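Enquirer: In case you want the letters, here they are:
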Amino acid sequence: MMKVPSGYCDLRVEHINDSIIDTYVNSGYSVIAVNTTVNYSLLGVGSSNRKKRKIAECNDEVNKDQDWIPIPKSANNDNLKLTILNRLTIQITNIGQLQQTVSSRNFSKYNILAVEPLDDRIIQELVTSPSIDIITCKGNSMMTPKDYQVAVNNKIYFEISYAEMLKNSVTRQDTLTLAHLFHIKGKLKNIIITSGMLNKSDIRNPYDVMNLGFTLGLATNQSKESITYGCHSVILKGYERKLKKSATNLIPMKSS
Amino acid sequence: MVRFKNRYMVVQLSNFEDNDLDFKISDKELNLTVLNMIKTLFGDFGVGAIRTCFKVHYCNPSTKIIIFKTRHGPHKFLSSIIPFVNELQGKPIRLSTLYIGASLFQCYKFIQNYQKGLVRKLHKTLTIQTKEKILNVTGVLKFNKFQVYS
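Which chain is which? The protein sequence lines are A and B, in order.
Residues 183 to 438, numbered by the numbering used here, are exactly what the first sequence covers, in order.
Residues 795 to 944, numbered by the numbering used here, are exactly what the second sequence covers, in order.
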């Protein structure tokens, strides 16, 4: 079932259970997306490696022989007000791994695809790819203003997570650096703010998130767009990939 | 003549242990924690801009609703640091903004409606005494020391 997105969204939730769902409903959110992260550079090495076993412990349900991509985390949602989507984040070093992901079987169970490039050279190829919704960057990544412009034209969004800002001073500085990098490269167009929360205490009110945009350098209307219309267009693009047709959201204008 | 504008922020404090009766909010401590947070994010400029006009105007220990008062202008500093305040008296807390108003009367109206909605939601489980405790919002308009601390 595909619902038309509306209201405040949070497109990166790492864990899900009943108390977290309650907190999101009480805060006033209407759409959340549960995240699953796959790191290709760690999965690709031999099975005797210690790192690989660590990853396999984290994702118990990985079927090693058939598919690298795990089944999405499921949650029983009785509340009609809240829509729960599934999001996949892949950390890749070359563009072939992206095609491998798109062609795999479990991929059709996800609504949103986010890509975190570990190598700076592939950003140029990523921004022209039609199957990506979100690009997650680190503060030290090199991106040209032209790449940013191409990404904006292809409706690809960039992400800032605020849960790391709440921890300590160093991670806060990194996030602020990332926000200012986006301002230098493309004047903070196509930005969405997500929580990226690990604990229940990291969840904040939508009003607080909009006020937090002031520290990131967003204007008032930009910070409002970053958790409403921007997220809606990401979700609609995900539907478009599933249906093989474009999806648009029509809102009737009130005659005044 | 140009009017002197103020901003009043209605904020709710939630601590994660529900049955913690020892947890008492004092406005001096709140004042200090918020000013310290402004100092870490905006430095000396932020503290200097906000210190003359910043004040904890009202805090209700039973419902944990707080009103901050600032001048119009530096209220942007205050509203953007509220998500970062996550510790008071060594315990994890969370502040969440409910409303930003320009006059105390509008804030008072909002709090009254908010508490009524809360009572309506928990209608069956509450006793009459707790209902009265929740709906008691005196001390917002008349700034009296005895009423604020009681």
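Worth double-checking, as some hints may not be accurate.
[Said to hold, decoys possible] Below 25 Å or equal to it, Euclidean Cα-Cα: the simulated BS3-like pairs (lysine-lysine) are:
(1) K406(A) x K870(B)
(2) K349(A) x K885(B)
(3) K870(B) x K369(A)
(4) K833(B) x K349(A)
(5) K369(A) x K426(A)
(6) K382(A) x K885(B)
(7) K382(A) x K927(B)
(8) K369(A) x K337(A)
(9) K822(B) x K885(B)
(10) K382(A) x K858(B)
(11) K406(A) x K371(A)
(12) K263(A) x K406(A)
(13) K382(A) x K903(B)
(14) K833(B) x K870(B)
(15) K185(A) x K349(A)
(16) K870(B) x K349(A)
(17) K915(B) x K263(A)
(18) K263(A) x K885(B)
(19) K910(B) x K263(A)
(20) K371(A) x K870(B)
(21) K263(A) x K320(A)
(22) K918(B) x K870(B)
(23) K822(B) x K918(B)
To be clear, the hints were calculated from the coordinates, so they are not data collected in a lab.
Predicted, not measured: the structure shown is a model, and the values here were computed from it.
Enquirer: If a hint holds in the structure, say so; if it does not, say that too.
Expert: Verification of the hints:
1. K406(A) x K870(B): Since the Cα atoms of K406(A) and K870(B) sit roughly 15 Å apart, the hinted pair holds (cutoff 25 Å).
2. K349(A) x K885(B): Roughly 15 Å separates the two Cα atoms, so the pair holds.
3. K870(B) x K369(A): Given pair K870(B), K369(A) holds - Cα atoms ~21 Å apart, limit 25 Å.
4. K833(B) x K349(A): holds (17 Å)
5. K369(A) x K426(A): Violated, at roughly 32 Å.
6. K382(A) x K885(B): holds (15 Å)
7. K382(A) x K927(B): violated (28 Å)
8. K369(A) x K337(A): holds (15 Å)
9. K822(B) x K885(B): Measuring from Cα to Cα gives roughly 16 Å; hence the hint holds.
10. K382(A) x K858(B): holds (20 Å)
11. K406(A) x K371(A): It holds: about 13 Å lies between the C-alpha atoms, which stays within 25 Å.
12. K263(A) x K406(A): Given that 25 Å is the threshold and the Cα spacing comes to 21 Å, the pair holds.
13. K382(A) x K903(B): violated (31 Å)
14. K833(B) x K870(B): holds (14 Å)
15. K185(A) x K349(A): Distance of about 34 Å is beyond 25 Å: violated.
16. K870(B) x K349(A): Cα-Cα ~22 Å, so holds.
17. K915(B) x K263(A): Holds - the C-alpha atoms of K263(A) and K915(B) are around 16 Å apart, at most 25 Å.
18. K263(A) x K885(B): violated (32 Å)
19. K910(B) x K263(A): holds (22 Å)
20. K371(A) x K870(B): holds (22 Å)
21. K263(A) x K320(A): violated (34 Å)
22. K918(B) x K870(B): Outside the cut-off at roughly 40 Å; violated.
23. K822(B) x K918(B): violated (37 Å)
Going through the hint list in order, the structure does not satisfy hints 5, 7, 13, 15, 18, 21, 22 and 23.
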